[in-house]
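Trainee: Starting from the given sequences, assemble the full structure and let the hints guide the process.
Next come the chains, spelled out residue by residue.
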Amino acid sequence: MTSPHPGPKSVRTVDTDSDKGKTDGKSMLRQKDRERYQRQIGLPEIGEQGQKRLGRSRVLLAGLGGLGSVLAASLCAAGVGFLRIADRDRVELSNLNRQILHWTADIGREKTVSAGEKLAAFNPEVVLEPRQIAIAEDTVQELLRDCQIIVDGTDNLESRRVLNRASLKTGLPFIHGGINGFNGMLSTFIPGRTPCFECLFSEFGGGSGCPSVLGATAGIVGSLQSLEALKYLLGMHAELLTGRLLIVQGRSMTFRKIRLEPNPACPECG
Amino acid sequence: MKIQVKCYATLAHHQPGNGERFSVESGTSVADLLEVLGMTPEAVKVVFVNGKHVGQDFVLSEEDRVALFPAVGGG
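Sequence lines, in order, name chains A and B. Residue 657 in this note's numbering is what sits at position 241 of the first sequence, and the numbering runs on without skipping anything. Residue 63 in this note's numbering is what sits at position 1 of the second sequence, and the numbering runs on without skipping anything.
Please keep in mind that the hints were generated in silico from the structure rather than gathered at the bench. Small disclaimer: the values here were computed from a predicted structure and weren't measured. Accuracy of the hints is not assured; some may be wrong.
Claimed, not checked - Cross-link-like lysine-lysine pairs, in silico, DSS-like; alpha carbons within 25 Å at most:
#1 Lys468/A x Lys647/A
#2 Lys673/A x Lys68/B
#3 Lys468/A x Lys64/B
#4 Lys114/B x Lys64/B
#5 Lys468/A x Lys448/A
#6 Lys64/B x Lys673/A
#7 Lys114/B x Lys585/A
Said to hold, decoys possible - In silico contact screen, one side only, chain A against chain B (beta carbon under 7 Å); selected entries:
#8 Thr570
#9 Ile595
#10 Ile674
Backbone N, C-alpha and C fix where the C-beta goes; we use that ideal spot for every residue, glycine too.
Mentor: Right, dumping it as structure tokens:
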């Protein structure tokens, strides 16, 4: 995904679907899927059954910036079945230090189009649904339709609040991440089982605006979020980052978890 | 009284060396603590005490675990 060479036009032509339909029966993975995902099917936590489970999974990824680029690439590479990618923005030059799905030739293009092209070329097995739209109260229910999980690639408090409310309303998990400079944090919120986003960030909410940030930080935090999403989709629910906030501090290279408690006075879930 | 203080991310340079057993006067609020540590109220966006989100007017108690964060809201 990080190759600087092929522009969007050249990657659009990639088609590796030549053996589509070659299956060993309905319950088996296709041979080309077995090969594509060989290095993860070998994991005892995944296997062929887990890979098929990923192939049936449906994800809403909100935001295609620094976190969203890494999340989208990672989820796509792992073979989730359906990925709805939502963002309202167009690619700007100042995005390119960290938003690895968008390249120099994409400046001015819709992020969903820019990202969608790379992702489709990267793994044509994944069904992509690009939605060039803001994450808002009047759009989120439709964006969530038929999805199993909400993954946070947004960069602002209001969008996260909307996603959190939608998570509480539907019961879908919300995998939150945020970054600033060398630092980041993440947590997995599961309605009824953990505190919610609002419990933690109700007053100030992690801020907004345009913080300075390194692409490497987005890479770390986005990758950790995608691990959480994949674990959830694989049914590894006992080992999620629930009830904990993981704090990543890149300068000191420290990873700390702090325990979180629900806020009984939370305006959303209290 | 003694409390535990952790300053995270861009606030890390405010971390007191004795943060595990930091002495404050009884009745100290989070806002008072920020002043002692040399932080402005605006710089601290999220405060957890014993894992619960609190406001800066929250009054601390013996053995409280205080975690202070700047904005970590980019994406």
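Trainee: Decide, hint by hint, whether the structure agrees.
Mentor: We went through each hint and held it up to the structure:
For the suggested pair Lys468/A and Lys647/A, the alpha carbons sit about 14 Å apart, so the restraint of at most 25 Å is met. About 12 Å separates the Cα atoms of Lys673/A and Lys68/B, which keeps this hinted pair within 25 Å; it holds. Between Lys468/A and Lys64/B the alpha-carbon distance is near 53 Å, which puts this suggested pair outside the 25 Å criterion. Using a Cα cut-off of 25 Å, the hinted pair Lys114/B and Lys64/B holds, with the two alpha carbons roughly 19 Å apart.
Proximity of Lys468/A to Lys448/A is assessed by CA-CA distance (about 13 Å); at most 25 Å being required, the pair is judged to hold. As the CA atoms of Lys64/B and Lys673/A are separated by approximately 22 Å, the hinted pair is consistent with the 25 Å bound. Among the hinted pairs, Lys114/B with Lys585/A is consistent with the structure: their alpha-carbon atoms are about 23 Å apart, no more than 25 Å. Taking 7 Å as the C-beta cut-off, the interface hint given for Thr570/A holds, the closest approach to chain B being about 5 Å.
Residue-level restraint check for Ile595/A holds (minimum Cβ-Cβ distance to chain B is 5 Å; threshold 7 Å). At about 6 Å, the closest approach between the beta carbon of Ile674/A and any beta carbon in chain B falls short of 7 Å, and the interface hint on this residue holds.
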